[in-house]
Amino acid sequence: MNTPLSWIKAYVPDLDVTNQQYMDAMTLSGTKVEGFHAFDADLDKIVIGQIDKIEKHPDADKLVVCQVNVGNETVQIVTGATNVFEGAKIPVVLDGGRVAGSHDGKIIEGGIKIKKGKLRGVESFGMMCSIEELGSTTDMYPDAAEDGIYILKEDAPVGEDAIAYLGFRDANFEYEVTSNRVDCFGIIGIAREAAATFRKPFYPPVITHTGNNEDVHDYIQVDVKDNELCPRYCARVVKNVKIAPSPEWMQRRLAACGIRPINNLVDITNYVMEEYGQPMHAYDLSTLAGKQIIVRRAESGEQFQTLDGQLRTLDDNMLMICDADKAVGVAGIMGGENSKITDDVKDILFEAACFDGTNIRLSAKRLGLRTDASGKFEKGLDPNNAMDAINRACQLIEELGAGEVVGGVVDVYPNVRQERKILFEPEKMNQLLGTNISNEEMLGYFKMLDLKYDADTNEVIIPTFRQDLECMADLAEEVARFYGYDNIPTTLPKGEATTGKLSHKLRIERIASDIAEFCGFSQAMTYSFESPKVFDKLLLAEDDKMRQTVVITNPLGEDFSIMRTTSLNGMLTSLATNYNRRNKDVRLYELGNIYLPKDVPVTQLPEERMQFTLGMYGEGDFFHMKGVVEEFLDKVGMNGKIIYDPNAGKNYLHPGRQANIIYDSEVIGYLGEVHPEVADNYDIGDRVYIAVLDMPYIVEKSTFERKYEGIANYPAVTRDLSMVMEKSIMVGQIEEIFEKRGGKLLESFHLFDVYEGAQIESGFKSVAYSIVFRAKDRTLEEKDITPIMEKILKDLKEMGIKLRG
Amino acid sequence: MKEKLKAIRDEAITKIQQSGSLDKLNEIRVAYLGKKGELTEVLKGMKSVAPEDRPKVGQLVNETRTAIEEKLEELKTQLAKAAREAQLKSEVIDVTLPAKKNNVGHRHPNTIALEEVERIFIGMGYEVVEGPEVEYDYYNFEALNIPANHPAKDEQDTFYINDQIVLRTQTSPVQVREMEKGKLPIRMIAPGRVFRSDEVDATHSPSFHQIEGLVIDKNITFADLKGTLEQFAKELFGEHTKVKFRPHHFPFTEPSAEVDVTCFKCGGKGCRMCKGEGWIEILGCGMVHPRVLRMSGINPEEYSGFAFGVGLERIALLKYEIDDMRLLYENDSRFLSQF
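Chains as they are written, first to last, in my numbering: chain Z, 1 to 805; chain V, 1 to 339.
Simulated from the structure, these hints should not be mistaken for laboratory data.
Straight-line alpha carbon distances no greater than 30 Å define the calculated BS3-like cross-link-like pairs of lysine-lysine that follow: (1) Z:LYS626 / V:LYS101; (2) V:LYS183 / Z:LYS428; (3) Z:LYS626 / V:LYS100; (4) Z:LYS494 / Z:LYS428; (5) Z:LYS641 / Z:LYS765.
Please work from the sequences and hints to get the whole structure.
This is the structure:
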């Protein structure tokens, strides 16, 4: 919504504020001003001048030398303009003044400073201005010359301020009107707010009686077939229309709103739409068959040509305006080509109706046709406003002499909207706001807003234009707005104390972040939706369960069309971005959900599973990644046995370098090297390692309970084992033997060497372990250890493992 | 004899003083005090000394021994000290050589900002809760006083899974889920991902984060809302931050407000960051609409409450002066390592 301040002042004449003051105060009282444009911001020292004499320039064919009377003096100005003549009145910018733009229509920020100077040797003390130099256009100022100096009216007062004369001592304000304040989509609504904000009297337009002695019902019958979609339809007739330019004052106001003046008829409908927020439509009465207007739903598949020349296909949820034979307009959206006003129109029908907002919004959406009118109707207009608007339009017709208004109004309004009543509960309002505002003060605010108070019933009567006010809390907001949000005290909630805390899940996630970061991984964030094509990139089988996804019906394109069922694509894409930008040794982690449908097609919410995903390339290998996993599990109290099962069966991982991570007999995640083909698919020319931990399992199995187990008092006994075995034997199998046979005395073991190569038979490897035994209550003796070692060695031998010499 | 002892003593001390190394000192000790040392030899010659003189000579010998021992000890200390000094001198390092680092990773700026917000509200007794990102239309809209066909539904450009299920457009549905649990009073914040159908550009993303706040208790007032958010803003942006509440409209709160804070870059004077206004909009808030309370099973005659919603990316972008939202989702390590 844009309005010039001058138009607001027309209804709040006592308003005397700067643009900035107006903007700040209106914003604080709830009519948010996004910004303003002062038309005279870059205009300075521009007066109305009259050209007394024009002479040829002695040295330039295309220039003339003018003597210009600027009131108190006559100045010499050299110009190249060809439309000037002796006696012409023109805007003149004097030496030291400023204009807003250049004559080709380019607006220069800060304006252009005009100084006296010599043009081809002849002194010039200023410049005569075109409309473009004044910061506007001939569209907005149709009386200005297309290409040349703006020749003003003959009665323009010489020597006076041309900026004010042309209406540029004004500013256009841009408002952000919230969807609940339908009344503020009209200037009257904003003016009412302005009056209340500045505590000034409000004078809305006074609508006078209009019309001749005839009865409009003799000219037109209106039949509304669907009162739900059209709660009210008002129609009036204007005869003998005289199309002409509208008066300057109306043109100026429309121009200041950014609306191009066209002719008196169009300008009046636009003017009333700005003023009342009520769209109107004019039909050529001669095109309406049977003197009839019928408002009905369209037939499904009905074709109709709108006045923009487009042929449109309708459906039976769209409302049509028709005459006895045919459709003449899509209700509230656009009129028809067949009934549009032409320059030789004689009689017109004015329509001011109220249509169901939701219906208009949905129809406009389906038609792909959003107009100024539909934009207003879809807010849900006040039906009581329609009558004022149509009468205001007829008043302007008469004032402008644009035609002869026929007496009376056809008004189809079966269910008159009644004023709402809300109980006046000042204590509750003060309680809600935390204030102590007196009843009188509250009622004072209501009065400014045209909300009446009925002392007998103790009710506040809400006019129908304030459809947003429904309950005590709504009235409390009205009080708060004008009392001033700033003046409401600041306190803190009292009452029962509550414990501030993170959930166990969030605590575990923080530890995940901490450990990942200590291990050199930085946190990434990727989108939750992706393309179904990623499954092919990840080499997933056609029937892989991960391909069953939650699908978005209206995505931003295929790339964002399914909710991810794996976090890998996000990670690999981020690593690829880094690789492509030649970032070295990149390590990333992400904590984000995957979305697993419980059924396909989806009928219930999917399962959201938080994934802790780690990915890296460059320095580091599988075992670094494994280390991060173990550091994390240890930190969240999962110090039980972790099993790595190489038969993870992940197509996207290197077949010989992958493992499921099993804890407490549940697969809690996996890790591995990304399959080189997948890495190729992402254009990563390096080995990539990833680990994915399924957090719901970890949250469940993690604990913050710790118990001190004492520090050993007796010495340990260490045995080193150096073995040779077939390459295919995994050290995990050896460790299983240690654990199985080590008994209570086994404290720990650690691998200190793995070797293949010279001195070792091909197909074999050498592995060396240190095994530590300790008792809590005594010093171990040889006889304690020997039987254990014998059992271990026996098991090793059975696996074909030999001890090295 | 006396002369001889003096000569031994003088000779030994001179040698000790000239020794220059611990090895040499040891040699000297052996040469004079050892089993075959000169002083021992003198003692051995005591037999030839007259018995009445023996105590005196013995004393002289002991004095000589003590004097040599003391000198030896003195030099030993001196030499050891010199040796330590020499060692330290030789071990000087260039402390400006590069550090050996573990290359610790970095938190995402969104998370840093979020944890900051969480810290503040946890301190005020708020619990951090979560809700589903794929959500029922009912929780995302209807229960928040946004009925079917409400224009606000269009404004929010919703991604639909089907008629009943959407990608949540706001974290506000978590409010409803908490209220439905029926455990009062409530003080919660709910951070999380939200989705709106906006094309990716420097200031838009189809996926971003919000932090919802909700307090429900008896006698909660708009003044409490103001006080709480003012304290929050001062904690987050600094003690000198000023807060401005502007009336606004949200379907699920009444009265509603948008909150501006003084620009933390220029302090309110006006700069490029605040587009010259001196103020920056950071959140929306209001008193929970009585209809919303009622729909969630809370009696508005007995309880009242306030709610607020903060855009996390907005805070992160402003606080860290990040000029393009796309950077947050590219995960370039050169970007992440700056936080």
